[in-house]
Amino acid sequence: MQVLGTAGKVVLGLGMAVVLWAAFLYAHPAESFVGESSRIVFFHVPTAWISALAFLLAAIHSGLYLKTRKMERDDAAAAAARLGILFCVLATVTGSLFAKVMWNSYWNWDPRQTSIVLLLLVYGAYLGLRQAIEEPERRATLSAAYALIAFVSVPFLMFAVPRMYASLHPDTVINARGRIEMSPDIKLVFFSSMIAFTALFAWMYALDVKATRLVRRLSERTGGFEA
Amino acid sequence: MRLVAENVSRSFGPRRVFGPLSFATEPGRVLGVAGANGSGKTTLVKVLAGLLRPSAGSVRLEDAGRPGSRIGVREAAGAIGWCAPDLSLYGELTPAENLEFFARVAGRLPTREELEERIASVGLDPRRLRSIRTRFLSTGQRQRLKLAYSVLSSPAVLLLDEPGSNLDEAGHRAVTAIVAEQRGRGSVVLATNDPAELALADERVTL
Amino acid sequence: MRLVAENVSRSFGPRRVFGPLSFATEPGRVLGVAGANGSGKTTLVKVLAGLLRPSAGSVRLEDAGRPGSRIGVREAAGAIGWCAPDLSLYGELTPAENLEFFARVAGRLPTREELEERIASVGLDPRRLRSIRTRFLSTGQRQRLKLAYSVLSSPAVLLLDEPGSNLDEAGHRAVTAIVAEQRGRGSVVLATNDPAELALADERVTL
Amino acid sequence: MILRAAAAVFVKDLRTEWRTRVAINALLLFAFSVLVLVGYAVGPTRLTLEDRPVVNSVLLWIVLFFSAMTGLSRSFVNEEETGTAAALRLSAPPASVFLGKLLGNLALLGVVMAVVVPLFLALMSFGIAAPGLFLAVLALGGVGIAAASTFIAAIVSKTAAKGALFAVLATPLLLPPLVAAVTGTQIAATGPESAAGLDAVRLLFAYDGLMVTASFLLFDAVWRE
Amino acid sequence: MILRAAAAVFVKDLRTEWRTRVAINALLLFAFSVLVLVGYAVGPTRLTLEDRPVVNSVLLWIVLFFSAMTGLSRSFVNEEETGTAAALRLSAPPASVFLGKLLGNLALLGVVMAVVVPLFLALMSFGIAAPGLFLAVLALGGVGIAAASTFIAAIVSKTAAKGALFAVLATPLLLPPLVAAVTGTQIAATGPESAAGLDAVRLLFAYDGLMVTASFLLFDAVWRE
Ligand code: HEM
Ligand SMILES: Nc1ncnc2c1ncn2[C@@H]1O[C@H](COP(=O)(O)OP(=O)(O)OP(=O)(O)O)[C@@H](O)[C@H]1O
Ligand SMILES: Nc1ncnc2c1ncn2[C@@H]1O[C@H](COP(=O)(O)OP(=O)(O)OP(=O)(O)O)[C@@H](O)[C@H]1O
Ligand SMILES: [Mg+2]
Ligand SMILES: [Mg+2]
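Protein chains in written order, with the numbering used here: chain B, 1 to 227; chain D, 1 to 207; chain H, 1 to 207; chain C, 1 to 225; chain Y, 1 to 225.
Here chain B stands alone, though its shape is the one from the complex:
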């Protein structure tokens, strides 16, 4: 069974192309940013948002695994964590490039930078845990428990801890004043980009879940955790 039909692929491809075009050629550079650097927001923010979404999915599927004990849930959680890490790395890299332009250094231990690295560590540890357990049911149970306990600490990493140190990073969407200032064209491209990236993620996620499941079925058939 195909995850996404031909029509879907065409729509997704065209959408991404339009967003790319708009990000670089349609939107105007925002004020308060150095040169053309504000354009990176169109990629930086969606990747950050998607990694948060992916980690949320990982936690939800982990909880459902513990409830239903269906291995499919475990596949879904593992795939979500993997993709979350991927997008988290992308957010870090784009942020780092951004930082080079805005703050003149790729890495300066800004709380925002550090907390995202911590997220990477949490889910890196999650994958490390999975790799260290051979028996499938045990792996699923233990890693689900870890994913949930880790998710408890995520809000602290994302919101509470960075506040303990002064940060240069712009306020987030969820800020005190409600909305931040964006000109209409930027706003349009920004939200289109968010939608396009989310759709891209949904497709990748479905593919990854399917692949994970197939790999698991295959290894169930051939076995092989004895040695």
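These are computed hints drawn from the structure, not numbers from a lab.
Here the structure is a predicted model, which means the values were calculated and not measured.
There's no promise every hint is true.
As the list claims (entries may be wrong) - The calculated SDA-like cross-link candidates involving lysine to any residue, where the alpha carbons are at most 25 Å apart (straight line), are:
no., chain 1, residue 1, chain 2, residue 2
1, H, LYS46, H, ALA34
2, Y, LYS158, H, PRO14
3, Y, LYS158, D, SER138
Assemble chains D, H, C and Y with the ligands onto chain B, guided by the hints.
Chains D, H, C and Y with the ligands alone, transformed into the frame defined by chain B:
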């Protein structure tokens, strides 16, 4: 209570160790499990104890009065007694402290006399072992203590995996006595390589 | 070589476990050690192996040709084979890797065929166990592997402490075969609770 | 009943620890070596005045954190390694196991703190301006570390890797309370109780509450595995 | 022959380590987490310029020391705990056991250093003025720590019950190389090679030589006990 196994099997990786098997224990009766070394006796007993998940099928406890009632073995702490080569007691505690600990966590407060009686019932001398740590006991003394542990909670089902290993003649008699006592209280599953012990069984499953 | 014990005794704290005892093993003969659980068989065997110091007396190896020659048991690596409940092999290595390791540290380089032959000689299937780690073996399979380890260096003196524990019938036959083989090479000390095994002994020490 | 069983688990662990003294000695040894090392290399007078509260707070919590990493996984890992976990699983209600182990780890960390903190303050001439805040930060930080470590130890004891994995899994989870504790300690060192100090306490409190509850709820699944 | 047997012991430990999947990535992740913790709390910019070499040198060696404490005693303690020591004692020459374990610990520490040191330097913007001296200090410090911990581990594994002895023994043994290494690192960070730097290297060298020889000679007695 009856311990009911339905189409139970267990594999490690691609290799099926045993099953699918279906059987039930009956109060007052001893179910023997026989088979050569490596045939899966220990694995079966662990699955019955809820310490290992079956690869397929189910194990449950059924109230003798109400057939069809089901309690998962994993939830039935106290109803199952287990003695096996894989069982270890706390090496740094004395024999009496070990039994006391396991009684306490199960919610009882045994007196000193009770504990010493338990220890004596498997042929150990409670006075001489009063201050010796379990890890300094001889293999056979340790095996006897494990037997005493397994019937500590007066379990409805007693799972014995090679109960006679490393025991001398008096030790073997203690095993026979424990099996006889358990018949009056519930059922026994007895996995062993020893033909003399297997003779205690009423029914037999051969792996 | 003869293993000679002279007025050997061992105590733990104030409690004397056995002795003083004097005896010697003779090539081609089996010395049985009998006694109830906790009587000190295992302790005696450990003292003979040099793994435990005697509280009094001495244990030494004596060249059969030259009576009176003395080699301390602690210095005689390779001359003594040992199989006991306290012996553990490496759980993370496969059976063949275990045997290979112990051969290597003793200075030999066994071929794969040799290793598999050793494994087969105690009734294990070398092909089926090729990729399984020792900690996943069943109790009886592990006991067999320990037997194979104990004769790996073709020892002059073989110390067997409960060699038949947890073995099935074929396993007991393997023990008998090992004892018979060792008779052709040196001597055996056999400590056991099993009357059938004790019948293999030519002499007997009772604790 | 659960509490009685938890007390039994706690007493058993205490007794075992008392008879072997492995964990407490490893902890104290490590803490002591690091203190001497830090005292020798950094010394109370080698830093500029303004850096001292920052550096001292960080060093204090690093010592406590590493001690936790060495000692707090032992009790669960030991049950699994010596094979006593199976008997415990058959006999004791899971909640009592978790509570007993948590209590044990709290006690262990408490002992380490009772030894390390006064020594550290004395060796480094590290003055504390707001002792109340400092004690609150120590207590709440300790609870957070103990709760998270206990749960992670339970997970790790079921894997083959155990020790190595423990540090990997626990470190990122322990960062929020550690950062808050370091900040709180700095504030306690420099000034009287302030809004920022209360913030740190509040954060620690929230973390502790969430962590204890979540690990208590999730423990059943891990322990039964 | 001794060397071949030592190689066999080394390979066996390596294999066991590999099978339990502790492996490199756990180590990597762990080192990285600790560095992030330290970096977060101290950060390269939060200290005045002059204090940085002092604090950074101490932190670097604390991290290395901690890794040593967690990892280096395992191989001996494991042999005793799992009961394989008896078989090893009957079959292998003692010298080969010591050499094999020392080799294993050197390898472990080498890997830890290879991961931790560059990361630490990069993340903390910790510049080294005299790289030659720095490398010498790292290498010699590593050998000293590995030799001392191997020997101590052999003793500890025998006295598991009387662990108090271990604490008393180990602290004074490990402190000299650590203090010398920290001093050497500080010098390497601030200036070109100097007399003081050479002093540190010389001290480490003497310590290593003595420690390796002494522990090699004394090992027999400890192992046979
Ligand atoms: C490695 C460096 C960086 C990382 C890891 C990073 C990470 C993040 C994350 C995780 C978010 C999502 C926050 C949220 O919505 O909760 C975000 C949003 C954002 N970042 Fe960054 N960032 C970095 C550097 C920068 C730089 C240098 C700038 C520009 C000065 C910047 C501008 C923004 C903006 C404008 C947003 C969107 C705020 C909003 O949600 O409305 N970032 N960044
Ligand atoms: N965790 C595991 N992984 C892989 N294989 C395993 C595992 N546990 C057991 N086995 C295999 O399952 C088989 C059955 O083992 P089990 O211990 O149940 O045998 P047994 O009948 O009790 O034998 P014995 O009489 O020797 O005690 C063995 O071949 C063993 O190698
Ligand atoms: N390290 C020790 N400290 C104190 N007492 C010990 C120690 N080791 C053994 N003992 C005691 O010595 C006695 C003899 O033990 P040993 O293991 O030699 O008996 P055994 O004859 O082999 O018994 P079994 O038939 O049960 O194997 C036991 O009573 C035991 O409690
Ligand atoms: Mg068995
Ligand atoms: Mg014995």
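Structure-based check of all given hints:
1. LYS46/H to ALA34/H: holds (15 Å)
2. LYS158/Y to PRO14/H: holds (22 Å)
3. LYS158/Y to SER138/D: holds (20 Å)
Violated hints for the displayed structure: none, as all numbered hints are satisfied.
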